[in-house]
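Asker: As a plain string of letters, each chain reads:
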Amino acid sequence: MDTILADAAQLNDVLLATDESEYDNVALHVLQALRKFQTPDQTILLTVSLAPMLLESIDPVSLTIPYVYLLHSLLESTIKANHSSSRSLPQALLPDGQLWPAVTAGLLAFDPIQMRYVGPQLVKIVEVVYSGAEQTSNFVPAIQLLQNLILRLDPQCCTLSTTHYYYVKLCLYARAYTEATNIIDFPIYHIPTSEATKTLEKRLGKYLCSQQESSLAYINPQSGLSGKITSRVYLEYYLLGALCYIGTEQWKKAQAFLEIVLVAPTQQNVASLIMLEAYKKWLLLGLIIKGQAPDLPRAMGANAAKHIRILAKPYECVVDAFKTNKLEVLHAEIQEGLDIWQQEGNYGLMVEVSNAFRRFAVIRLSKMFAALPIEEVAQRTSSSQPQDTQETLAYVQQLISTGELQATITPSQTSGLGTVRFLPPTAAHKTEQEVEQEHRAKTIELKVLLKHISDYDHQLAANKDYVEWLTKLKKARDQDKKAADKGVKPLGGPPVPGDFPDEDMMDEW
Amino acid sequence: MAGEFWRQSRFSNKGINSAVKTVDFVDIAMSEDQHVTHIKPTYHVTVSEAPKFDLQSYIANYKGRTVFRRLYLIASCSTALQEEAARLAVAEAKKGSDVNQYQDAVQLLATITGQDVQELMDKKWLSNQEKQNAAESKRLENELKQYKNNLIRESIRMGSEELGVHNHNTGDLPNALKSFNRMRDYCTGPGHIATTAFRTIAVNIEQRNWLGVQSQVAKIRALQQMKPEESAKNQPKIFAAQGLQYMSLGDYKEAANFFLDVDFAALGDNYNDVISANDVAVYGGLCALASMSRSELQNKVLDNANFRSFLELEPHIRRAINSFCASKYSQCLETLESYRVDYLLDIYLQEQLGLIYTKIRTKSIVQYFQPFSRVTLKSMEKMFGTSSISTTNGQQSSTGTITPFVQELIQMIESDALQARIDLERMVLIAYEESPRAIMQQQALDTVDNFINEARIKLLRLNAINGGLEVKQAQNKGKQTASGAMYISSLVDVSSGSGQFQGQGYSLRSARG
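Protein chains in written order, with full-length UniProt numbering: chain A, 1 to 509; chain B, 1 to 513.
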């Protein structure tokens with residue numbers, strides 16, 4: 001055991017910086033040794049009382065590999081030892097249980113490079129943490145641990161993993177929407193499925209410990225740092241993420257997340273129920289953001305869209321009612337489907353839609369009037385009968401304070417509560433400096449995005465199907481030309497860059 | 001009795017068709033449908049004021065069936081002229097051979113004067129005329145049959161035309177159309193085709209089948225080898241018919257353009273069975289006012305030597321256009337308003353007048369406001385007064401600051417006709433101003449945002465496809481929904497789970513709200 005630890009101690013930043021292959025070798029060696037070590041001495045680990053002491057003697061920061069490995073075996077054996085029920089976790093593993101401090105220590109402080117070598121073990125630990133939190137409804141510690149883990153492992157956070165999925169789920173359980181946005185705010189660029197990483201592996205071909213441009217290189221099924229991502233996990237992650245955004249009233253981001261679900265690739269004539277859920281919310285969000293139904297995303301499959309729209313008919317009726325600009329119609333429609341909204345958990349959004357209607361009604365007034373008495377606003381926008389002018393005054397004040405409305409309220413010269421004076425549209429615009437600043441921010445954002453696009457383009461260029469297609473193309477062309485040399489040229493020819501192979505094909509002809 | 005007549009003529013019609021072996025079953029079936037219905041025109045407008053025109057001289061402008069139709073309309077709509085018009089209509093109907101028209105007119109007169117229908121009805125004339133009509137139809141059909149047997153194209157054409165004209169005169173419009181359609185098959189020269197088309201147009205206009213008019217006009221215009229003098233003769237009629245068509249369909253700009261191109265000298269009173277020169281002046285002038293800008297009005301209408309001759313017939317239209325061009329909008333509207341009654345009694349203008357007047361009024365207000373950045377509502381209201389078109393469909397103001405005129409302005413702003421905002425505190429109308437630079441900047445930022453968003457979504461989608469994350473059909477027999485078309489993948493449980501989250505999310509939100 002001591003020798004293993006001594007070996008593992010070699011794994012430090014200096015070695016990583018000087019010799020990556022040596023680092024890789026040592027890490028793998030340590031892993032192997034650990035595996036051998038476990039078999040004869042399993043009895044030692046099985047005793048729950050002894051293991052914490054052993055773990056305590058290991059520093060999780062410098063000796064992450066042995067620590068996580070041992071922690072994993074400990075958890076496994078504890079679960080095995082607990083035969084009572086297969087579903088629930090033993091007491092010792094739950095938050096505030098006997099082993100919890102060890103788990104916390106391992107996930108809070110670790111060496112991210114070493115951690116790459118113990119992916120499968122880590123995923124198991126994450127699952128234990130997740131189910132433990134679920135079982136005890138004590139979500140906060142788990143959320144903190146997972147957030148730390150995700151960010152340490154992948155500071156750019158651009159690769160989806162099952163840890164993400166568990167994290168968002170826990171946040172929703174705990175209603176910690178703001179916590180969730182800390183993670184889901186990072187745009188995801190990679191999905192680590194075995195299909196996606198097949199090509200990558202060959203191309204990068206380096207060591208797990210190497211400095212990588214994209215985290216996909218180590219967060220993938222081969223390294224085991226993420227569990228298996230299925231279409232269900234993928235869709236659910238985005239739907240749940242959207243719910244978190246809705247919880248924090250970040251409507252636009254929520255809508256973008258839902259759109260990802262809507263355009264998810266589907267087989268012929270199949271639509272997922274998650275997509276249906278997403279569509280309903282997406283429609284309502286359109287009303288809240290813009291006051292009108294959004295256009296269907298172009299990439300959405302026509303067939304899936306057809307099925308989904310049939311099933312979301314009550315929601316489309318609300319959209320139509322919204323369009324009529326008549327408060328009574330909208331209210332009647334919302335009232336009509338009350339059961340549906342409540343059953344499907346969309347009642348809160350419906351309330352928001354109703355509020356949005358009022359907001360847009362006031363904003364529409366600002367396009368027609370430069371100034372008008374509060375009473376008039378109440379009459380044109382309020383739902384209550386007789387109109388509650390005081391309430392309307394408060395509402396307009398609130399709109400002004402949140403910046404939704406550019407207006408002032410002045411005391412009336414004659415009688416009544418006062419006059420709302422809408423500022424001219426020119427006053428609502430940003431200053432030049434603000435605009436410039438925004439431009440700069442967007443430029444940076446765009447550059448990052450473009451880099452990801454070109455990365456992905458490279459990755460696709462190495463795709464087997466694409467290369468096969470290129471070969472076929474070449475064959476066809478060669479036959480067309482009836483060149484003397486009829487043999488197929490080697491495949492290694494430079495792949496044609498560009499996202500749109502069709503266009504390139506046209507160019508070459 | 002009328003039914004008897006129709007049955008007879010239908011029977012004989014069939015006889016002819018089968019004799020010449022050109023039976024068209026569809027045709028017969030159709031004619032049976034159409035025979036039964038003689039549609040009595042109904043009008044919903046009531047005008048109590050007396051119009052400015054003199055009925056006798058007004059109606060003397062026209063000839064043919066339109067005389068009766070115009071008289072009948074005036075008798076139905078104008079309380080001041082109803083009796084006079086109804087009597088004239090009865091007399092006019094008796095001159096012709098359409099028994100239905102006569103019966104309609106007598107009935108109308110009876111309701112107006114309170115007399116008994118039976119007393120007023122000249123039954124002898126009626127039965128005589130019906131017999132005559134039937135005999136004439138029979139004669140013409142027999143002649144046509146003979147011609148067809150002899151296979152002389154020109155005779156068949158003439159025979160069909162005669163039968164069509166007879167049908168038209170007796171008010172059997174569908175059969176008239178059929179005869180004219182048959183007539184076209186035997187046309188030999190462009191002149192014939194033009195004649196046929198004009199006959200069809202006349203029937204189509206009476207039926208208000210504007211699409212039919214359009215297709216016939218297209219046929220005439222497509223004719224190539226027309227003699228110059230003939231095409232000169234046809235041109236004004238075509239333009240007038242097309243103008244009428246566009247006006248009735250609500251496309252005032254096109255209508256104005258066609259009316260403005262009608263050649264005054266060539267039209268003369270050639271087309272009096274449809275439209276008089278006075279009508280062209282009024283329709284053209286009103287359509288132009290409703291659709292053209294001030295400079296267009298000046299160039300195309302007032303400076304148009306040809307159309308000036310028309311305008312001389314209706315000087316008040318010219319006055320209205322002149323005052324519009326001179327920015328004297330209230331005068332223009334007043335002039336038009338004083339002729340509202342006259343136009344409401346016009347057979348083609350009646351339906352469109354409200355819309356045309358509203359358009360002219362809206363345009364006047366927009367034009368009036370253009371040079372100002374702000375105008376007091378009071379001065380505008382003084383200028384334009386309250387529109388006589390009902391504007392009471394809006395809500396009534398609780399504070400009393402919203403007059404019908406302001407309500408009208410609000411509607412104009414809502415429909416984007418007027419770029420302005422109303423200040424109800426200081427009672428002024430303020431021009432809408434915006435900074436193009438700021439809008440542009442905002443647009444640029446929005447575009448970037450959209451692009452980033454879309455690119456991310458697409459990239460993820462590519463990733464998903466590449467990663468084989470397609471939503472697949474459920475392995476264990478998916479639940480079928482009511483629509484029966486959608487296979488739900490095995491996600492049902494999860495989705496209900498997420499429903500739970502939404503519930504939680506909601507309770508949080510509602511607690512806050």
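Hints listed in this document are in silico derivations from the structure and should not be mistaken for laboratory results. Among the hints, erroneous ones may be present.
[Stated by the list, open to error] Simulated crosslink set (PhoX-like; lysine-lysine; CA at most 20 angstroms straight-line):
no.	chain 1	residue 1	chain 2	residue 2
1	B	Lys227	B	Lys253
2	B	Lys458	A	Lys451
3	A	Lys253	A	Lys442
4	B	Lys52	B	Lys94
5	A	Lys253	B	Lys458
6	B	Lys359	B	Lys300
7	B	Lys328	B	Lys382
8	B	Lys123	B	Lys145
9	B	Lys472	A	Lys252
10	B	Lys472	A	Lys442
11	A	Lys228	B	Lys300
12	A	Lys306	B	Lys472
Asker: Against each hint, give a clear statement of whether it holds in the structure.
Answerer: The hints, checked one at a time:
1. Proximity of Lys227 of chain B to Lys253 of chain B is assessed by CA-CA distance (about 30 angstroms); at most 20 angstroms being required, the pair is judged violated.
2. Straight-line distance between C-alpha atoms of Lys458 of chain B and Lys451 of chain A comes to about 15 angstroms, which keeps the hinted pair within the 20 angstroms bound.
3. Of the pairs offered as hints, the one joining Lys253 of chain A and Lys442 of chain A holds, with about 16 angstroms between alpha carbons and a cut-off of 20 angstroms not exceeded.
4. For the proposed pair Lys52 of chain B and Lys94 of chain B, the alpha carbon gap of about 27 angstroms is over 20 angstroms, so the pair is violated.
5. Restraint check for Lys253 of chain A and Lys458 of chain B: the C-alpha separation of about 16 angstroms stays at or below 20 angstroms, so the hint holds.
6. The suggested pairing of Lys359 of chain B with Lys300 of chain B holds, with an alpha-carbon distance near 19 angstroms, which does not exceed 20 angstroms.
7. Restraint check for Lys328 of chain B and Lys382 of chain B: the C-alpha separation of about 13 angstroms stays at or below 20 angstroms, so the hint holds.
8. In summary, the hint linking Lys123 of chain B to Lys145 of chain B is not supported, as the alpha carbons are separated by about 33 angstroms, beyond the 20 angstroms threshold.
9. For the suggested pair Lys472 of chain B and Lys252 of chain A, the alpha carbons sit about 29 angstroms apart, so the restraint of at most 20 angstroms is broken.
10. At roughly 37 angstroms between alpha-carbon atoms, Lys472 of chain B and Lys442 of chain A are farther apart than 20 angstroms, so this suggested pair is violated.
11. A threshold of 20 angstroms between alpha carbons decides the hint, and for Lys228 of chain A with Lys300 of chain B the separation of about 75 angstroms lies outside it, so the pair is violated.
12. Taking the CA atoms of Lys306 of chain A and Lys472 of chain B, the gap is near 17 angstroms; set against the 20 angstroms cutoff, the hint holds.
When the structure is compared with the earlier hints, violations turn up for hints 1, 4, 8, 9, 10 and 11 and for no others.
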